[in-house]
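Colleague: Protein chains in written order, with our numbering: chain A, 15 to 123; chain B, 43 to 204; chain C, 13 to 100.
Since the hints were made in silico from the structure, they are not lab data.
Be aware that one or more of the hints could be misleading.
Covered stretches of chain A (chain B as the covering partner; in silico rule of three or more C-beta atoms under 8 Å from a C-beta of chain B) [to be verified]:
{"no.": "1", "segment": "69-83"}
{"no.": "2", "segment": "94-104"}
Below, a sample of chain B positions facing chain A; criterion: calculated Cβ distance under 10 Å [what the hints assert, rightly or not]:
{"no.": "3", "residue": "P133"}
{"no.": "4", "residue": "I135"}
{"no.": "5", "residue": "A152"}
{"no.": "6", "residue": "T158"}
{"no.": "7", "residue": "V166"}
{"no.": "8", "residue": "F180"}
Here a beta-carbon is modelled for each residue, glycine too, at the ideal position from N, C-alpha and C.
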Amino acid sequence: MNSIIIDIFGWILIGSGAFFVMTGGLGLLRLPDVYCRIHAAGLTDTLGAGLMMVGLMLYAGATLVTVKLILVLVFLLFTSPTASHALAHAARLDGVVPWTKKNTKEKRK
Amino acid sequence: MFRSALLFLVLFITWLALSGHYSIFLLISGVVCAGLSTILTLRMNKIDNLPPEVNFTYRLPLFWIWLAKEVTTSAISVAYHILHPKLPINPIIQTISAQQKTDVGLVTYANSITLTPGTLSTNVNKESIEVHALSKNFIESLTDSEMNLKIAKLEKSQETDS
Amino acid sequence: MIFMVASAALLFTILLGLTRAFAGPTVYDRLLAVNNMGTKIVLLIAVIGFLMGRPDFVDISLLYALLNFIGTIAVLRFVKQQRRHADE
Numbered sequence: 015m016n017s018i019i020i021d022i023f024g025w026i027l028i029g030s031g032a033f034f035v036m037t038g039g040l041g042l043l044r045l046p047d048v049y050c051r052i053h054a055a056g057l058t059d060t061l062g063a064g065l066m067m068v069g070l071m072l073y074a075g076a077t078l079v080t081v082k083l084i085l086v087l088v089f090l091l092f093t094s095p096t097a098s099h100a101l102a103h104a105a106r107l108d109g110v111v112p113w114t115k116k117n118t119k120e121k122r123k
Numbered sequence: 043m044f045r046s047a048l049l050f051l052v053l054f055i056t057w058l059a060l061s062g063h064y065s066i067f068l069l070i071s072g073v074v075c076a077g078l079s080t081i082l083t084l085r086m087n088k089i090d091n092l093p094p095e096v097n098f099t100y101r102l103p104l105f106w107i108w109l110a111k112e113v114t115t116s117a118i119s120v121a122y123h124i125l126h127p128k129l130p131i132n133p134i135i136q137t138i139s140a141q142q143k144t145d146v147g148l149v150t151y152a153n154s155i156t157l158t159p160g161t162l163s164t165n166v167n168k169e170s171i172e173v174h175a176l177s178k179n180f181i182e183s184l185t186d187s188e189m190n191l192k193i194a195k196l197e198k199s200q201e202t203d204s
Numbered sequence: 013m014i015f016m017v018a019s020a021a022l023l024f025t026i027l028l029g030l031t032r033a034f035a036g037p038t039v040y041d042r043l044l045a046v047n048n049m050g051t052k053i054v055l056l057i058a059v060i061g062f063l064m065g066r067p068d069f070v071d072i073s074l075l076y077a078l079l080n081f082i083g084t085i086a087v088l089r090f091v092k093q094q095r096r097h098a099d100e
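Sequences are here, hints too, so could you generate the full structure?
Modeller: What follows is the structure, encoded as C-alpha cells:
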C-alpha cells in the first residue's frame, strides 16, 4: 500500500519534472536570442531539477541518499542564477543586442 | 573565533553526511580535513579583508518558501509562453531600483530575480538592477516591489540580530 | 519504469541542447547550452543511479554539479579575456 502511494507521487513529481526539463530544452531551441534562452534554461534549473530531485527523494526514503540529493538541489539552486547572471552580464558587455519585436520587423523590411 | 568554530562544525557535519562510513580512521581524517579548510578560510579572510556577514534568521526559510511559490507560478507562465505555437514573447529591458544597503542583500535580490524564470538581472549597480524580462507581465511582478521589500526586511532583521 | 521515462526525456533534451551548442550564433549561446546540458547530466546521473538500483551515483552527480558551475565560470572568464585582447 505504502509503495503504491510512493509510486503515484513519484510518477507525478518526476513526470512533471521531466516535462519542465523538456520544455526548457525546447525553449533553448525556439527562442530568438541569448537572453531569452537563459529564461528557458532557468526553467530547467529551477522547477525541472527541483521536481525531479524531490521525486527521487521520495524513492530514497529517510537515508543518507536523501541528504545528498538535498545537497545537490541546494547547490544547483544557488549556483545556476550566478552562472546565468555572469553569462548575461558578459553578453551585455560584449554588445550582444537584445532581440525585440521591432528589431525583426525592421529587418524584414 | 565563534565563526570559525561554527565553520568547522558545519564542515565536519558535511563530511559525516557525505561519507556514510564511520570508522575511526575516516572520522580522524574528517577532523583533519575540516580543520585544514577552516585554517585556509581564515587565511583567505585576512587577504580579502571581507569577513563573511551572513546571519540566518527565522525569516530566511519563510522567504525561501515565498520564493518557491513565486518561482513555480512564473515557471508555469514561461512554459506556456514557450509551448504556445505563436511564441507570444515581447522581451524588454528595464532598470528597477533596489533598496538593499549591504552587498549580501543586493546579491540576494539579484539572484532571486534571476532564479525566477522570466526575469533575468543583466547588470547590478549600487542602487539599481537592470532586468531583462521575457514579456511585460513578468516585469510587472517586480515593479510592485514585493520581493524588494521582503529582502530589505530580511536585511534589517539581520542587522538587529548582529 | 518512471526512471526509464525520465532518463529518456533527459537524453532527448540533452540532444536538443547539443543542437543549440552546434547552431548557437554567439559564444554565449554555446556556453549556455553546455551549462544547461551539465545540469541535465547531473539529473541524469542521479536518475540512472536509481534505475540501476545503486543510489551511490548521487555522489558523482554532486561532484558533477560542482565541476559544471566552476567550468562555466572559468570558460566565461577565458572568453572575456580573449575579447579584451582582441580589442587592444
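Colleague: List, from low to high, the hint numbers that the structure doesn't satisfy.
Modeller: none
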